[in-house]
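Participant: Note that the protein sequences, when read in sequence, are chains V and B. With my numbering applied, the first sequence corresponds to residues 1 to 279, in that order. With my numbering applied, the second sequence corresponds to residues 1 to 170, in that order.
FYI, nobody ran anything at the bench for these hints, they're computed from the structure. Honestly, I wouldn't trust all of these hints.
As the list claims (entries may be wrong) - With a straight-line Cα cutoff of 20 Å, these simulated SDA-like cross-link-like pairs (lysine to any residue) come out:
| id | chain 1 | residue 1 | chain 2 | residue 2 |
| --- | --- | --- | --- | --- |
| 1 | V | Lys2 | V | Arg29 |
| 2 | V | Lys2 | B | Arg34 |
| 3 | V | Lys2 | B | His48 |
| 4 | V | Lys2 | B | Thr6 |
| 5 | V | Lys13 | B | Gln72 |
| 6 | V | Lys265 | V | Ser230 |
| 7 | V | Lys9 | B | Gln11 |
| 8 | V | Lys2 | B | Lys100 |
| 9 | V | Lys9 | B | Arg71 |
| 10 | V | Lys2 | B | Gly38 |
| 11 | B | Lys100 | B | Asn86 |
| 12 | V | Lys162 | V | Gln16 |
| 13 | V | Lys2 | B | Leu37 |
| 14 | V | Lys9 | V | Arg141 |
| 15 | V | Lys9 | B | Gln72 |
| 16 | V | Lys2 | B | Glu36 |
| 17 | V | Lys9 | B | Thr6 |
| 18 | V | Lys2 | B | Gly83 |
| 19 | B | Lys13 | B | Gly83 |
| 20 | V | Lys2 | B | Gln4 |
| 21 | V | Lys2 | B | His43 |
| 22 | V | Lys13 | B | Arg71 |
| 23 | V | Lys2 | B | Arg7 |
| 24 | V | Lys2 | B | Cys46 |
Residues per chain, in single letters:
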Amino acid sequence: MKPLAFEYKRVDKVSQALQWLHEAGENARILAGGQSLVILLNMRLAQPAYLLDISRCEELNFLRQEKDMVCVGASTTQAQLQFWPDLVQAAPMLAEAIPFISHYQIRNRGTVVGSIAHADPSAELPLCLATLDGRVVLRSRKGSRELDSVQFQQGMLTTAKKSDEMVTEVRFPVAKAGHGYAFDEFALRRGDFAIVACAVDAGPEMIRLGIGGVADKPVVVQWARNDSASYKEQLNDLAWQLNAQDDQHASAAYRRHLVRELGHKTIETALSRCANNKD
Amino acid sequence: MSEQHTRHPIQVKVNGVARSGHAESRMLLSDFIRHELGATGTHVGCEHGVCGACTVLIDGVATRSCLCLARQVDGCDLRTVEGLGNQDGTLGVLQQAFKKHHALQCGFCTAGILMSCVDFLRRFTSPTEAQVRDMLSGHLCRCTGYTPIVEAILEVAHQLKTEKAETSHA
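The following block holds chain B by itself, in its conformation from the complex (with noise of 0.2 Å):
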């Protein structure tokens, strides 16, 4: 059997546990995560990088992961929607978000889109609306509008804000 065929095996951290799985060279880590790893919360559509539903985070940083092989992330801490709720089973803050504004109906494009914002969160504390708009254009919806999806974002980015700026003063 040639190399090109040869399943190698892969270490990575998924949500702050360490996993391991196989893959051929051509295997893609959207593939990666929903088969080897069992991993299905991350959605896979166009498989060539414009709809955003399989955004995850590889090393903290949100990426399509239909545009990268499971090869190149050996080693690497993986983030995807699964780690998102809290260790009770209930929603994570941004997933409450989510439902409370009905930033979602199919539901499809939801983990990706919750993985950007992970990200973008984390650098732009307190975004414009135009800057939610700007990250989200990367991520295609057909139900919502994005309104509602705005409206999630910008409400945890203010609740994450007061939450530190409390922290800081007591």
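Excised from the complex, chain V in its bound form (with noise of 0.2 Å):
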């Protein structure tokens, strides 16, 4: 339970960071929170030759709403989005999923740049920054570029990041007047993670249902707004379409019927707030 051997190497600007990643390529890692990465290294399931730690990068501590989006960057820590005063204003379903993630001094050190890039399929910010259709923020020596969520997370702990790149910040759409926002999941003990998590923006015409925990990264549907009665026959046919796995977790069917009644459940409450939230 010790990392192998690496050469570490502290960032304190990112242009430091993009010439590293330049020479190093796939043989280099970054190093925010660690609070995914570390587990990894002492698991010795990750095995880099050079580590980049940005976590003490004033460059890329901030977190700030930009004309319709919140922008949070590479080094900002999850605690410092919760404890945001902003906060509940200006992304109310970061508030509702934050305190789902892991334990309370996890979010002290994780950062929220860092759980996206890791990519797992049951994390709650790649659900979240799925469904508000948010961007990533990429850079490599030679530019920049910003992909949406669809484009950038492809896979099971994989993203189109390449090896010269790293994410310096990700933008979640500011709630917007007449929306209702809701995020519940559940899994086996607190701070696990989620057997199935639902995301939830429902706005005057379409409702957004993402999904996490049950393929291998978020799924996002839009749907017309609707009676009631009509989501429960698109949840199910839904809950068939992500093709769940058995594993020692949960089995295929038991996801199913969460993603039926916990996706039901999500989008009941998010339709009562969006009943509140007329101005």
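Using the supplied hints, reconstruct the complex from the two chains, each of which is provided in its own coordinate frame.
Facilitator: Spelled out as structure tokens, the structure:
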């Protein structure tokens, strides 16, 4: 349970990290909060030659609202976002989702961008990013590009990030007037990975429903506003389409059951908030 | 010898005292605290962030020391369980409450829980039982069933609040 040897470099400037990434390519990993990566290092599931530590890079420690986006830098922790005074107003879905992320002590050091770059299919933040249709900003020495969640998260722990790139920022759209947001999940114990997680953005004409923990990445569907009974049918179809698998935590049938029940409950919650948020 | 195996000098403050040691890049903070600094009050349970026994404060923030590298905290302010007692060697407020409520039996998890409490009670001055239990979900205790731990923490929160109110009125 100790990491293999690697070379450690502390990053003070983004340009420095980009140069190192350019030189080391896939032998290098970015270390931010380390709440997923150091576990993989300790278990030797990850064996990078270089670790580029951005956890104390001031340039990447920011959290601000720019027009209609909440912008979060790559060294900003989940706790910083959770205790941001504007969070409930700007991004109510995130405010509801963050307490589900692991534990208090992990959120203290784990970063928002790190969770999204790690791309665990049952993680909360990638699900929120996908449901809200947020953006991921990638930079390399050659320049920068911005991807949406579908382009970025390609599968289980797999993203579109190239070996000379790093994620410097993610952007979550600010809550829209007249929309209702909700997040809920079911896990075996508090802080465990979700068996099924649901995120809903209910607008005046459409609802967007994101499901995590079932497929190999978050799956988002968009349905026209309808009467409640028809969502049940659509949820049943969706539950079967997600191709749930049996594992030691839950059977495929139980996962489908959770998609139907938790999905319906989360949609109802979002719709009720929609009605309260007309202004 | 390659850079990977070089032992780098690390300087930290531990419970207010300047300390230094050496660490290879791959050395975990938990091992640095125990083996380099000799402060064995911090316990190591699972080494993958699940049990919470190794929790310490880094610049005032409760963190798993097994999920952090020693080199990451060079220049930081660390607090460990050794800093919780009073100057005269008697137990600090949190420790006294844990003793009074039988909030520990074997004590393996206790150092980590106490350090989480220091951070938590600074941010939540009037915590609810639900908030305390949520914070405690980051720690595994196989002896107590948690109830006495919750009671001890709620009592300390109440005590600190009363003391603060009295000082501000004086």
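Participant: Just to be careful, I want the Cα atoms of Lys13(V) and Gln72(B) compared with a cutoff of 20 Å; is the pair within it?
Facilitator: Holds: Lys13(V) and Gln72(B) sit about 16 Å apart, inside 20 Å.
Participant: Take a quick look at whether Lys2(V) and His48(B) sit within 20 Å of each other, Cα to Cα.
Facilitator: Holds - the C-alpha atoms of His48(B) and Lys2(V) are around 10 Å apart, at most 20 Å.
Participant: So if I understand the rule, the pair passes when the alpha-carbon distance is 20 Å or less; does Lys2(V) with Lys100(B) pass?
Facilitator: violated, 37 Å
Participant: Given the hinted pair Lys265(V) and Ser230(V), is their alpha-carbon gap at most 20 Å?
Facilitator: holds, 14 Å
Participant: Do the alpha carbons of Lys13(V) and Arg71(B) lie within 20 Å of each other, as the hint requires?
Facilitator: With a Cα-Cα distance of about 18 Å, the restraint between Lys13(V) and Arg71(B) holds, given a limit of 20 Å.
Participant: Between Lys2(V) and Arg29(V), is the straight-line Cα distance small enough, at 20 Å or below?
Facilitator: Roughly 17 Å separates the two Cα atoms, so the pair holds.
Participant: Holds or violated: are the alpha carbons of Lys9(V) and Gln72(B) at most 20 Å from each other?
Facilitator: holds, 10 Å
Participant: CA of Lys9(V) to CA of Arg141(V), is that 20 Å or under?
Facilitator: holds, 17 Å
Participant: Lys9(V) and Gln11(B): Cα distance at most 20 Å?
Facilitator: Satisfied, since the Cα-Cα distance of roughly 17 Å is no more than 20 Å.
Participant: Holds or violated: Lys2(V) and Glu36(B), Cα atoms, limit 20 Å.
Facilitator: At roughly 16 Å apart (the allowed maximum being 20 Å), Glu36(B) and Lys2(V) satisfy the hint.
Participant: Mind checking the alpha carbons of Lys2(V) and Arg34(B) for me, to see if they're no more than 20 Å apart?
Facilitator: holds, 15 Å
Participant: Just to be careful, I want the Cα atoms of Lys9(V) and Thr6(B) compared with a cutoff of 20 Å; is the pair within it?
Facilitator: Roughly 13 Å separates the two Cα atoms, so the pair holds.
In summary, the numbered hints that this structure violates are 8 and 18.
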